[in-house]
Amino acid sequence: MSLEHSHPIQLNELYRDVIMDHYRRPRNKGTLEDPSVSIALNNPVCGDEITLQLLVRDGRIERARFMGRGCSISQASASMMAQQIEGKTLAEAEDMIARFKRMMHGDEKAGEPLGDLMALHGVSKFPVRVKCALLSWEALERSLEQLR
Amino acid sequence: MIDARALRKDFPVLDQRVNGRPLVYLDSAATAQKPRPVIDAVRRFFEEDNANVHRAIHALGERATAKYEEARRKVARFINAPSERTIIFTKNATESINLVAYSWARARLKPGDEILVSPIEHHSNLVPWQLAARATGATLRFFDVTEDGQLRLDNLDSLISERTRLVAVTHVSNVLGTIVPVASIVAAARRAGAVVLVDGAQSVPHMPVDVQALGCDFFAFSGHKMGAPTGIGVLYGREELLEAMDPFLGGGDMISSVRLSGSEWAELPYKFEAGTPPIAEAIGLGAAIDYLTAIGMDRVHAYERRLTAYARERLEQLPGITIYGPKERGGLLTFNVDEIHPHDLATVLDQHGIAIRAGHHCAQPVMEWLGVPATARASFWVYNTEDDVERLVEGLRAAKEFFGYVA
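So the sequence lines, in the order shown, correspond to chains L and B. The working numbering numbers the first residue of the first sequence as 1 and each following residue consecutively. The working numbering numbers the first residue of the second sequence as 1001 and each following residue consecutively.
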């Protein structure tokens, strides 16, 4: 029996394999010894937690690590984000934040340059879960503000 | 035994499909659905009687006032309060508790005084006491909890002393379902001269409550968890305590005379009801009480006990499920499924038309005590059936299969 028949079709759009893979085997999880910035955020409504740490040199994110606990969407989003922002300039990271937010508000095209993160576009169809996906991005946004 | 299948027809909102499946509503501990007589009572009030209370000298105003005060009498009878003067209408249980925290606690507590709170409280019966303690220099102390989530009573005498001024405790835990033996706590508090506030938000909708038998000084609950509209809550208080307290909010309707130099307060209960109250909502609460009284609270309690025991038994048969809280409990089950975060679980169940709650249930200290960031919760009321439980079991199986497959 295929999943498409036994489960509502939307679920497969939300829980893409790549999301579950990042949830089960998070990348870039851990802490940095000497981070340039460290931001801890939680979602008071649901209890999801993220701590994001960045090591920045010459305007470029050299390393990104996160710690946290929460649902598959929040943790997979953090894992993919941390993986992808490494090596990016601060300006590029800001562009990624803007694109990711637009994607969460339904603009699928905006997410196209975001690679694996595109898998999260299905979250936009579940309004109550959008805040789960955005938590790590808010931590990134605040980190960039501190670095300015 | 009540006929939940028949009662279900009284709740129009339940007659719908969600994501293609008939709705199974298992979130009544967050808010209960409204029976037709409540909806009709509110609509009739707006269509036939709407006016402000206690002010207007005209027919509509008199009818509105009569209905509003009739609702108060119904509340007093429902929880066996000695007089309707002891029934204060508020916005919800949270406001009721805050009223006591401000008008009683803040005016009386001083450094060295102690407030004894249970660690299994909803935030609404914890945060107001943290604020009151901070404002007065009083100290918060906490009950101990047994491994299965009950309050330890064997060491009460070491927790309650002459320093204890107030004991604030839930009647039924919104997370663990624990039914707290309030009367024993009241007895220990009395010996020390402390007053007792009981949060009845999760008890009044589900079991007979007699505030005089409980012996507590204050008792707070919300209308919306018992079939009434949102925006109406109740504070019961012992008359001599209420008499001695200053008003919580100032404004119209709560004064007997106002001069620029100062004012005198209205008599009970109006002293605590500043401004235009939630009139239609109170009338809706009266209708909800009529509805529940016709069913019989003993029967509601017996039915929910049976249904919750059945649900527990069925869920325990599924592998990888942890159920939290004591065996003897109110009408709710809090649980987690291995490897599935409760939010993910709730999303999958919602796709199958099943509404549960997932998160920390406004009780973060309880989550900390359980050692989990969040849990799922299925809660029951008079309209839930064994079929609903079967749908939940089927939904949980589907969720496990789904997340197993995706892995």
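Bear in mind the hints are in silico, worked out from the structure with no lab data behind them. Treat the hints with care, since some could be wrong.
Capping the alpha-carbon separation at 35 Å, the derived lysine-lysine pairs in DSBU-like fashion look like this [to be verified]: (1) L:125 <-> B:1091; (2) B:1091 <-> L:29; (3) L:131 <-> B:1074; (4) L:109 <-> L:131; (5) L:131 <-> B:1400.
Pair hint outcome, residue 131 (chain L) versus residue 1400 (chain B) [Cα-Cα no greater than 35 Å]
holds, 24 Å
Is residue 125 (chain L) close enough to residue 1091 (chain B), meaning Cα to Cα at most 35 Å?
holds, 34 Å
Going straight from one Cα to the other, do residue 131 (chain L) and residue 1074 (chain B) come out at no more than 35 Å?
Violated: residue 131 (chain L) and residue 1074 (chain B) sit about 43 Å apart, past 35 Å.
Hey, residue 1091 (chain B) versus residue 29 (chain L), does the alpha-carbon distance stay inside 35 Å?
Violated - the C-alpha atoms of residue 29 (chain L) and residue 1091 (chain B) are around 45 Å apart, more than 35 Å.
Agreement of residue 109 (chain L) and residue 131 (chain L) with the hint, judged by alpha carbon distance not exceeding 35 Å
Judged against 35 Å, a Cα distance of about 20 Å means the pair holds.
Of the numbered hints stated above, those contradicted by the structure are hints 2 and 3, listed in ascending order.
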